[in-house]
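Asks: Construct the entire structure; sequences and hints are all you get.
There are 2 protein chains.
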Amino acid sequence: MNTTIGFIGLGIMGKPMSKNLRKAGYALVVCGHVNKGPVEELAAAGARIADTPRQVAAQSDIVITMLPNSPQVEQVVLGKNGVIEGARPGLVLVDMSSIAPLASRKLAAALAARGVEMLDAPVSGGEPRAIDGTLSVMAGGKKEVFDRCYPVLKAMASSVVLIGAVGAGNVAKLANQIIVALNLAAISEALVLAAKAGVEPQLVFQAIRGGMAGGALLEAKAPLMLDRKFDPGFRLKLHIKDLANALETAHDIGAPLPLTASVMEMLQALKVDGLGEADHSVLVRYYEKMSKIEVKR
Amino acid sequence: MNTTIGFIGLGIMGKPMSKNLRKAGYALVVCGHVNKGPVEELAAAGARIADTPRQVAAQSDIVITMLPNSPQVEQVVLGKNGVIEGARPGLVLVDMSSIAPLASRKLAAALAARGVEMLDAPVSGGEPRAIDGTLSVMAGGKKEVFDRCYPVLKAMASSVVLIGAVGAGNVAKLANQIIVALNLAAISEALVLAAKAGVEPQLVFQAIRGGMAGGALLEAKAPLMLDRKFDPGFRLKLHIKDLANALETAHDIGAPLPLTASVMEMLQALKVDGLGEADHSVLVRYYEKMSKIEVKR
Numbered sequence: 572m573n574t575t576i577g578f579i580g581l582g583i584m585g586k587p588m589s590k591n592l593r594k595a596g597y598a599l600v601v602c603g604h605v606n607k608g609p610v611e612e613l614a615a616a617g618a619r620i621a622d623t624p625r626q627v628a629a630q631s632d633i634v635i636t637m638l639p640n641s642p643q644v645e646q647v648v649l650g651k652n653g654v655i656e657g658a659r660p661g662l663v664l665v666d667m668s669s670i671a672p673l674a675s676r677k678l679a680a681a682l683a684a685r686g687v688e689m690l691d692a693p694v695s696g697g698e699p700r701a702i703d704g705t706l707s708v709m710a711g712g713k714k715e716v717f718d719r720c721y722p723v724l725k726a727m728a729s730s731v732v733l734i735g736a737v738g739a740g741n742v743a744k745l746a747n748q749i750i751v752a753l754n755l756a757a758i759s760e761a762l763v764l765a766a767k768a769g770v771e772p773q774l775v776f777q778a779i780r781g782g783m784a785g786g787a788l789l790e791a792k793a794p795l796m797l798d799r800k801f802d803p804g805f806r807l808k809l810h811i812k813d814l815a816n817a818l819e820t821a822h823d824i825g826a827p828l829p830l831t832a833s834v835m836e837m838l839q840a841l842k843v844d845g846l847g848e849a850d851h852s853v854l855v856r857y858y859e860k861m862s863k864i865e866v867k868r
Numbered sequence: 572m573n574t575t576i577g578f579i580g581l582g583i584m585g586k587p588m589s590k591n592l593r594k595a596g597y598a599l600v601v602c603g604h605v606n607k608g609p610v611e612e613l614a615a616a617g618a619r620i621a622d623t624p625r626q627v628a629a630q631s632d633i634v635i636t637m638l639p640n641s642p643q644v645e646q647v648v649l650g651k652n653g654v655i656e657g658a659r660p661g662l663v664l665v666d667m668s669s670i671a672p673l674a675s676r677k678l679a680a681a682l683a684a685r686g687v688e689m690l691d692a693p694v695s696g697g698e699p700r701a702i703d704g705t706l707s708v709m710a711g712g713k714k715e716v717f718d719r720c721y722p723v724l725k726a727m728a729s730s731v732v733l734i735g736a737v738g739a740g741n742v743a744k745l746a747n748q749i750i751v752a753l754n755l756a757a758i759s760e761a762l763v764l765a766a767k768a769g770v771e772p773q774l775v776f777q778a779i780r781g782g783m784a785g786g787a788l789l790e791a792k793a794p795l796m797l798d799r800k801f802d803p804g805f806r807l808k809l810h811i812k813d814l815a816n817a818l819e820t821a822h823d824i825g826a827p828l829p830l831t832a833s834v835m836e837m838l839q840a841l842k843v844d845g846l847g848e849a850d851h852s853v854l855v856r857y858y859e860k861m862s863k864i865e866v867k868r
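Residue numbers (my numbering), protein chains in the order written: chain A, 572 to 868; chain B, 572 to 868.
By construction, these hints were calculated from the structure, which means they are not laboratory data. The reader is advised that the hints may include incorrect statements.
Lysine-lysine pairs mimicking DSS-like chemistry, simulated, CA-CA at most 25 Å apart [said to hold, decoys possible]: (1) A:K677 <-> A:K812; (2) B:K867 <-> A:K713; (3) B:K714 <-> A:K867; (4) A:K808 <-> A:K842; (5) A:K677 <-> A:K651; (6) B:K867 <-> A:K714.
Replies: See the structure below:
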């Protein structure tokens with residue numbers, strides 16, 4: 572296999588994702604500025620090490636970025652010694668970070684001016700599915716660019732779907748994060764009401780899980796709330812970032828999101844309380860504090 | 572089988588539920604004040620007809636009520652010619668209506684003073700599952716009363732769960748209705764944002780349904796929104812009734828429900844717009860109107 576993949580952003584998600592690319596037989600070039608451990612780990616797995624994003628790009632056919640938010644992606648791609656400086660025409664940047672759709676479109680426009688193609692391709696599934704290579708990828712970009720990158724994405728994911736033009740992947744991701752955030756609040760309102768009414772929240776969970784209230788989030792998070800286990804999982808501060816991107820996007824395009832805005836403020840209050848690193852299911856604490864009761868088995 | 576069941580409230584739900592009791596071989600006594608059609612239909616299926624709830628109670632071992640809300644239940648049970656007037660000690664009232672938990676407790680106390688036992692046993696599942704006899708019953712009451720009524724409830728339901736003391740069934744039902752209402756709003760915010768951002772809501776639905784945003788409600792209601800099919804289903808005005816009971820209960824016991832209150836106002840706005848008889852998934856219209864766009868395939 573001749574395709575060489577550059578991978579920038581070897582964090583909790585990026586490290587296992589890049590390892591799955593190696594397992595699938597791709598040549599890999601990595602660089603890391605934040606900490607050296609993951610870079611050395613990848614080097615031991617056969618990846619080449621480059622000093623800068625520019626050098627990564629110069630050696631790659633496809634560059635993947637997996638970074639916290641748009642400022643980091645913009646710095647790595649468009650900044651000094653960035654991907655754009657090392658890119659030759661025909662390179663594809665696949666940004667798998669979860670960022671604002673408008674930031675994706677801006678990046679794509681800057682890259683297009685240099686003959687570089689781009690997909691936005693955020694994922695859902697979290698660390699366990701990054702390790703298993705069973706992430707869900709929601710992609711935006713040109714069909715022919717998507718088709719070219721599809722086998723590479725499939726080495727990290729079980730589901731890889733093209734949603735629309737560049738930015739559409741991140742729109743789908745924001746839609747997902749809105750539903751998850753509001754559903755966490757819904758579960759919290761329901762279970763705290765039950766507890767305050769003197770009814771076992773555990774039995775309410777059992778009674779409703781098979782009906783219209785049932786779903787993946789209730790199954791995953793209600794037990795964490797009932798067991799008081801708020802280790803991440805998905806960090807509250809990352810959900811704040813996603814809702815900030817959703818609200819910014821919504822305000823730009825004119826789509827009021829009143830409940831998303833309310834849940835955002837609840838998450839902010841919990842962050843002020845020092846819970847930014849906890850699992851986002853800790854949202855139940857906001858309601859518990861208001862109602863002066865705990866949801867537990 | 573010697574048990575005679577009285578059934579009061581032969582509406583969309585009560586009629587098929589009572590028919591399933593006949594199918595299971597129970598002797599049935601019915602009465603109907605609102606319209607005569609269902610009463611005659613049940614008589615043709617072998618039910619005796621009584622003139623008043625009092626006469627129903629006098630001939631029954633267990634009386635089931637399936638009525639719109641607590642005022643109707645209170646009238647039928649405690650009012651003139653009500654169940655309580657015809658009841659002998661040992662009768663059990665099983666109220667399967669969805670009413671406020673505090674109203675259930677008040678009823679149970681009034682009945683207990685006359686030696687009559689009570690369960691609150693609201694259901695989820697809607698008309699199709701009432702017809703199939705596969706409802707979910709969430710019950711509150713004494714264990715021995717629940718055990719006595721269990722086979723009767725099982726003739727109408729696939730899942731019959733005792734949640735706690737009288738009122739607990741309706742607490743579980745309210746928890747269910749809160750999650751469903753807020754999740755409908757969540758789906759609406761997500762799909763309207765996608766549409767306004769120029770992305771196909773249908774593709775976003777496909778991309779997210781397998782992940783943490785996935786569940787029974789998304790599967791059932793997103794297609795209705797995308798197809799613009801707002802025939803009930805579950806009528807918006809009934810969801811308003813449930814949220815009113817949830818908020819009243821929450822205010823009584825001290826459990827603030829800020830998002831439930833917000834969604835309640837959205838549903839009220841749609842009712843003012845003449846949509847009270849539409850399926851509750853018409854909530855998406857509230858968002859569509861704000862954002863001046865439609866979610867459709």
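Asks: Now, for every hint given, state plainly whether the structure supports it.
Replies: Evaluated hints:
Restraint check: the Cα-Cα separation between A:K677 and A:K812 comes to about 19 Å, which is no more than 25 Å; the hinted pair holds. Between B:K867 and A:K713 the alpha-carbon distance is near 23 Å, which keeps this suggested pair within the 25 Å criterion. With a C-alpha separation of about 23 Å, the suggested pairing of B:K714 with A:K867 holds against the 25 Å cut-off. Distance restraint check for A:K808 and A:K842: the Cα-Cα separation of roughly 7 Å lies within the 25 Å cut-off, and the hinted pair is therefore satisfied.
Distance restraint check for A:K677 and A:K651: the Cα-Cα separation of roughly 17 Å lies within the 25 Å cut-off, and the hinted pair is therefore satisfied. At roughly 23 Å between alpha-carbon atoms, B:K867 and A:K714 fall within 25 Å of each other, so this suggested pair holds.
In terms of the numbered hints stated before, the structure departs from none.
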